[in-house]
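Trainee: Please take these sequences and the hints and turn them into a complete structure.
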Amino acid sequence: MSLIDLANPSRFLALTARALPWLAAATVLAFAIGISQVYLAPDDYQQGATVKIMFIHVPAAWLGIFAWIVMSVAALGTLVWRHPLADVAAKAAAPIGAAFTLMCLVTGSLWGRPMWGTYWVWDARLTSVLVLFLMYLGVIALWRTIDDPAQAARTAAILTLVGAINIPIIKFSVDWWNTLHQPASVFRLGGSTIHPAILVPLIVMAVAFTLLFLTLHLAAMRNEIMRRRVRTLMMLQAGARMGP
Amino acid sequence: MNFGPHAAFIITAYVAAIAVVAGLIAWIVLDRRHLSRILDDFEAQGISRRSTRTDGDKW
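Protein sequence lines correspond, in order, to chains A and B. As numbered in this note's numbering, residues 199 to 442 make up the first sequence, in order. As numbered in this note's numbering, residues -1 to 57 make up the second sequence, in order.
A hint or two may mislead.
Just so you have them, the derived chain A footprint on chain B, three or more residues with Cβ under 8 Å [to be verified]:
1. 6 to 20
2. 23 to 31
3. 36 to 42
It is worth saying that the hints were derived from the structure and are not from the lab. These numbers were taken from a predicted model, which means no experiment stands behind them. Where a beta carbon is used, it is the ideal one built from N, C-alpha and C, also for glycine.
Mentor: Put into structure tokens, the structure is as follows:
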């Protein structure tokens, strides 16, 4: 099957109907393994048991960023190839990305209070992630504001690509500015600074979160295709009522 | 399991994460049910994409 076949909405629905149960099962399995590893993971020598918040905070942050990258690739699909399935992918990813970014902000605040003595500081990392969350809300609002899906997709695609500038700012904010947030400790030159007893559960949880994102994204894409079918049928019905 | 003096923060963080994921799943499931019901209503009225399809209809 070629990529262009998969890009056909009906073919996409048929394929994802078969794939989704397996993906959901893999997600549940990955979370079962991840949570059991989190349970067994030792406390950090400095942070104590609060390090357990890291196992949800860090994957949520990665997924918040990943969803915007998915939307940016889809935005290119919309603007360059004008493919409607790219519009669907972008629209479906936005609320999921917003939810993971919100999870990142909330869990980060709850981790910050006992470790830093405050829920929030306006440092570069926290502020740039808050900007990401606000951009998600902006894109979602844009989709809801414009009635014509094709026009909404093009406008949202431009906003998404402009917003992609924030992604490297989030990543490198801890290097470019003095921040209360710790510097990169997993993906960095010279290797991870985290002990394997904590790093392995973190990686397993990141895999589980990624599988969850894929499952939710495919399910939301299927819903969006159904929504467009409903819209088409409503327009046809309205046209039939008005007569020739 | 002993979470130490900051147990409330750890538990609240996990509860918040579970609430966000549960909210996402509920939104997708309820949205799907709602859309399926509308499509079924159209089907019952004899309106379907096959019977009314035009060249410009990709969906």
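Trainee: Quick check: do three or more residues in the segment 36 to 42 of chain B have a beta carbon closer than 8 Å to a beta carbon of chain A?
Mentor: holds (count 3)
Trainee: Taking 8 Å as the C-beta cutoff, is the stated coverage of the segment 6 to 20 of chain B by chain A satisfied by three or more residues?
Mentor: Satisfied; 9 residues make the cut.
Trainee: Are there at least three residues in the segment 23 to 31 of chain B whose beta carbon sits under 8 Å from a beta carbon of chain A?
Mentor: holds (count 5)
When held up to the earlier numbered hints, the structure conflicts with none and fits them all.
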